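Each protein sequence line maps, in turn, to chains A and B.
For my numbering, count along the first sequence from 1 and bump the result up by 11.
For my numbering, count along the second sequence from 1 and bump the result up by 744.
One or more of the hints may lead you astray.
[Unchecked claim] Have a look at the derived ranges for each label pair, beta carbon to beta carbon: (1) B:PRO821 with A:ASP49: 16 to 26 Å; (2) A:GLU79 with B:GLU763: 48 to 58 Å; (3) B:ASP889 with A:PRO143: 45 to 55 Å; (4) B:ASP889 with A:GLY155: 39 to 49 Å; (5) A:THR177 with B:PRO798: 26 to 36 Å; (6) A:ALA203 with B:THR890: 35 to 45 Å; (7) A:THR237 with B:ASP925: 38 to 48 Å; (8) B:VAL773 with A:THR34: 37 to 47 Å; (9) B:ASP882 with A:GLY182: 49 to 59 Å; (10) B:THR918 with A:GLN41: 24 to 34 Å; (11) A:PHE78 with B:GLN846: 22 to 32 Å; (12) A:ASN167 with B:GLN846: 33 to 43 Å; (13) A:GLY182 with B:THR890: 45 to 55 Å; (14) B:THR918 with A:ASP192: 51 to 61 Å.
[Said to hold, decoys possible] Anything over 10 Å on all C-beta distances counts as not near chain A; from chain B, calculated: (15) ASP762; (16) GLU763; (17) ARG766; (18) ARG767; (19) ARG796; (20) ASP797; (21) THR825; (22) GLN846; (23) SER886; (24) THR890; (25) ARG911; (26) LEU912.
Derived by calculation from the structure, the hints in this document are not laboratory data.
Keep in mind that this is a model prediction, so the values were computed, not measured.
Here a beta-carbon is modelled for each residue, glycine too, at the ideal position from N, C-alpha and C.
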Amino acid sequence: MTQPIDDLTALATPYALHAIPETERSAIDQRLADAPPDVARAFDDEVRAVRETMAVISAATAVEPPFELRDRVLAEIRQAPVVPLQRKSRPWRATILAAAAAIIIGLGALGVGYALRPAPQTSTAEQIFAAPDVRTISGEIPGGGTATVVFSREKNAGVLVMNNVTPPEAGTVYQMWLINDAGPHSAGTMDAKAVAPSTTAVLPNLDGSSTLAFTVEPPGGSAQPTTEPFAALPLT
Amino acid sequence: MTLFAAVDRLPLVTTDLDELLRRVARRDVDAFATFYDQTRARVFGLVTRVLRDPGYSEETTQDIYLQVWRTADAYNPAAGTPLSWLMTIAHRRAVDRVRSEQAAGQRESRYGAANVEPPSDLVAESVISNDERRQVADCLGSLTDTQREAIQLAYYDGLTYVQVSERLSANLATIKSRMRDAIRGLRRCLGLS
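This is chain A alone, in the form it adopts within the complex (with noise of 0.2 Å):
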C-alpha cells in the first residue's frame, strides 16, 4: 500500500455520491478488501450516512412522474419474473456440461472484494464475502461483456454481475440456469434494459448446483430450458 489510511476514509464520500472515476473504482475496492478490518468499517459507515443523508435530501428535489409510468412500470415488472420457475428433471445436465466446457471462456479467478459490491445488493453480497468459502468465477461472454459470480456453498446463494454483455435480441430475453444433479432449475430472466450497461442478480439457492448457464429464451423465460446454453460458468 503506498497511499496512507487516510487518504482511503477520504475517498468515502466521493464513493458514495458516485462520484469517483469508473478507472479508479476496482483500485480502491482492492484496498478496501486488503484494509484493516476497522478501516473498511469506517470507509462503509461513512458511505452509508452519506446515502442516508441523500435519501432524506430527495425530498428538495421530488417531482411527480408522469402518470402513465406508473401502468408502464407495473406492465413491465408482471413480465419480468425472477422467482425459480418449477423445477424439473431432465437429462440436460450432460448437455449442460459438453457446453460449458465447449463455448466458453476466459475463466479468471478474481480478487474477491469491494468490486463486486454495487449498492443494491450490499446486504447479500457482505453475507457471501464474509463467507469463509467464498468464491469468484468470471467468464467472458461470446458476443461480448463478462459475468461473474460470487458465491459460498456455506451461504446457498451467490451474486451475478455482468458487464458489457450484448442484449438479447429484441423478443427475446437472457435466462440464467443453475444446474445440480436434479436438472437445471431457473434462476431468473433479463431483458435488453436490465443487461446493459451492468446489472447484477443475486443467486439465492445454489442447491449444489454445478454450473451456472445462460439461454435466450422468449419473453418471460420458460420453465425449462428450450435453446442451447450460449454461455456456462463451472460453479467450482
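For chain A, the structure is supplied; the task is to place chain B on it using the hints.
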C-alpha cells in the same frame, strides 16, 4: 406542522417502506404498486435533476423500479433504510445514464451553475410534506457556496471528484474535503447526527 413533526415523520415512512419491500420480495404486486406510489416523486425528481431530459428520465425511472422488483430480496434492513437503498439505486442508474450519454456526446456540458432549484409544487403532500421539503431545502441552503457547488457538480451533475476538481481548479484533497464537509453539514442540519 413544525419542523420536528416533519422529522418525526421520516421513520414512520421508513417503517412502512420496510414492510412493503419485504412483501415486494415475495412478489406482491400490490405492495410494489404502493412502494412505487410512496417513492416515485423522489426517484423521478432525482433522476430528472441528473438527466435533465424527460424521456431519458422516464426510461431510467422504469429501469430503477424494475431493479427494485428484481432485487428486493437482497435488501437488508441492517444495512440501511429502504429509502437509502432505493435512492442509491436511482442515483447509480441516473449517473450511469448521464455518463453513457456524455460518452456518446449527446449531452452538452451546460451545467456549470451551482444552484439548487426551489422545490417543485407538483408533489402530493401526503407523501412528502411541505414542511419536510422546506427543511431539506433550508439545510441545502445552509451549506457554504463551495460545499453546495461540490454536491451540485458531483451528485446532481454526475461529475467525478476528479472532474469537479478540474472544473473548479481546486486540488483533489480540497474537493474531497468539501464533499465530506457538505454531507456533515447536512447531517447536522437534518438532525441525523
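Verification of the hints:
1. B:PRO821 with A:ASP49: 16 to 26 Å: Holds, since B:PRO821 and A:ASP49 (Cβ atoms, about 24 Å apart) stay within the stated range.
2. A:GLU79 with B:GLU763: 48 to 58 Å: violated (28 Å)
3. B:ASP889 with A:PRO143: 45 to 55 Å: For B:ASP889 and A:PRO143 the Cβ distance comes to about 50 Å; the hint holds.
4. B:ASP889 with A:GLY155: 39 to 49 Å: Holds, since B:ASP889 and A:GLY155 (Cβ atoms, about 45 Å apart) stay within the stated range.
5. A:THR177 with B:PRO798: 26 to 36 Å: Given about 28 Å between the Cβ atoms, the range holds.
6. A:ALA203 with B:THR890: 35 to 45 Å: With Cβ atoms ~42 Å apart, the hint holds.
7. A:THR237 with B:ASP925: 38 to 48 Å: Since the Cβ atoms of A:THR237 and B:ASP925 sit about 57 Å apart, the hinted range of 38 to 48 Å is violated.
8. B:VAL773 with A:THR34: 37 to 47 Å: holds (41 Å)
9. B:ASP882 with A:GLY182: 49 to 59 Å: holds (51 Å)
10. B:THR918 with A:GLN41: 24 to 34 Å: holds (26 Å)
11. A:PHE78 with B:GLN846: 22 to 32 Å: At roughly 30 Å between Cβ atoms, B:GLN846 and A:PHE78 fall inside 22 to 32 Å, so the hint holds.
12. A:ASN167 with B:GLN846: 33 to 43 Å: holds (41 Å)
13. A:GLY182 with B:THR890: 45 to 55 Å: holds (51 Å)
14. B:THR918 with A:ASP192: 51 to 61 Å: Check passed, 59 Å falls within 51 to 61 Å.
15. ASP762: Its Cβ never comes within 10 Å of chain A, the nearest being 13 Å, so this holds.
16. GLU763: holds (17 Å)
17. ARG766: At roughly 13 Å from the nearest Cβ of chain A, B:ARG766 sits farther out than 10 Å, so the non-interface label holds.
18. ARG767: holds (13 Å)
19. ARG796: holds (12 Å)
20. ASP797: Its Cβ never comes within 10 Å of chain A, the nearest being 13 Å, so this holds.
21. THR825: violated (6 Å)
22. GLN846: Per Cβ check, B:GLN846 is outside 10 Å of chain A; nearest 12 Å; holds.
23. SER886: holds (12 Å)
24. THR890: Non-interface label on B:THR890 holds, nearest chain A Cβ at 15 Å vs cutoff 10 Å.
25. ARG911: The assertion about B:ARG911 holds, with a minimum of 12 Å to chain A.
26. LEU912: The claim holds: B:LEU912 sits with its nearest Cβ about 13 Å from chain A, beyond 10 Å.
Taken one by one, the earlier hints fail for this structure at numbers 2, 7, 21, listed in ascending order.
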